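*Asks:* Given next are the chains, with one letter for each unit.
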Amino acid sequence: MIAYKFLAGGAIAPFTGFRWPTDGQWVRAIARQDGAGIHACRAADLPYWIGEELWRIELADPVTSNETQVEGQRGRLLGRIRAWDRLVRREFAAACAFRARDFAVEALGAERTPAQEMLAACDLGPLLAAARAASRLPPFDAEMVAYVVDASVRALEENAGSSSHTAAVAAVALRGRASAFAEERAWQARWLSERLALDA
Amino acid sequence: MTARMPTELACGEIVQLITDYLEGVLPVAERTRFEQHLVFCTGCANYVRQMRDLLRTVGRIPDDALTPAAQRDLVQAFQSWKAKKP
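Residue numbers (our numbering), protein chains in the order written: chain A, -8 to 191; chain B, 783 to 868.
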């Protein structure tokens, strides 16, 4: 199976610290116990595991599927997806902050002044300033605006994993149902697939 | 503290589970939730990194690196710390 894998800089596994060989060499999982294999993402799983480098990986059969990842006992990196660079990570983080903005505007009502000011923002800095300027809001509206602040701050820190997560939490708050989280993650996965020209 | 879904681990739970996580004994589902939290929570990601670094560093200290007096002081410090705990 061909899948995707996020790694830290230098092809290092973010949780184990394992340095992946980048010459196509096969790697076998150390332990055979359940869950201790080599993990990778389908395109739909990508938003849950955002990292610095994105690689295409081949997993040898058998491959098991979990809710947000796939797992095999052997895998090898096929090549780095160079399109996932710092610029696109920032772009993705910003897109997620603006999604949080859209959720907040929907909650507030587009005609109200704080919503208008956030809608007028065309960049993260002005968006953050507009969200922070919103005051004396009812609790629910204040919560929605707080998500905009959080997602914008994270995006300005270039922390795409965090801004995308905040946008998904904001979606749940607005819709009032847990399934909105997965729906927002699906939107993010589509964004990544299209921007990086990935196979679904 | 990071906003989260009710099904996701809270930062406080990361602190409670870190020993099991680092020892590799967390059940699969729990470990997945643990690692997903690290993707979106910079504070906890830094905390886990620091704990790993600490374990790696302490693991390199040979048993005889401490003088008997230093060992005695450490044992006393731990005993008095434990005694102070409610």
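Simulated from the structure, these hints should not be mistaken for laboratory data. Just so you know, these numbers come straight off a predicted model, no measurement behind them. Check the hints yourself; a few may be wrong.
Taking CB as the label site, the calculated pair distances span [unchecked claim]:
#1 A/Leu78 / B/Thr824: 19 to 27 angstroms
#2 B/Gln858 / A/Ile3: 20 to 28 angstroms
#3 A/Glu58 / B/Glu795: 15 to 23 angstroms
#4 A/Leu69 / B/Ile843: 26 to 34 angstroms
Stretch by stretch, here's where chain B covers chain A in the computed footprint (C-beta under 8 angstroms, at least three residues) [said to hold, decoys possible]:
#5 34 to 42
#6 116 to 128
All residues carry an ideal CB built from backbone N, CA and C; glycine is no exception.
*Asks:* Would you mind marking each hint as holding or not holding in the structure?
*Replies:* Here is how each hint holds up against the structure:
1. Taken as a hint, the range 19 to 27 angstroms holds for the pair A/Leu78 and B/Thr824, whose Cβ atoms sit roughly 21 angstroms apart.
2. Remark: the range hint 20 to 28 angstroms for B/Gln858 to A/Ile3 is contradicted by a beta-carbon distance near 41 angstroms.
3. Checked against the given bound of 15 to 23 angstroms, the beta carbons of A/Glu58 and B/Glu795, roughly 19 angstroms apart, stay inside it.
4. Taken as a hint, the range 26 to 34 angstroms is violated for the pair A/Leu69 and B/Ile843, whose Cβ atoms sit roughly 41 angstroms apart.
5. Under the rule that three or more residues need a Cβ within less than 8 angstroms of chain B, the assignment of the region 34 to 42 of chain A holds, with 4 such residues.
6. Coverage of the region 116 to 128 of chain A by chain B is violated. Counting CB-CB distances below 8 angstroms, 0 residues qualify, and the rule asks for three or more.
This entry does not satisfy hints 2, 4 and 6, going by the numbered hints stated previously.
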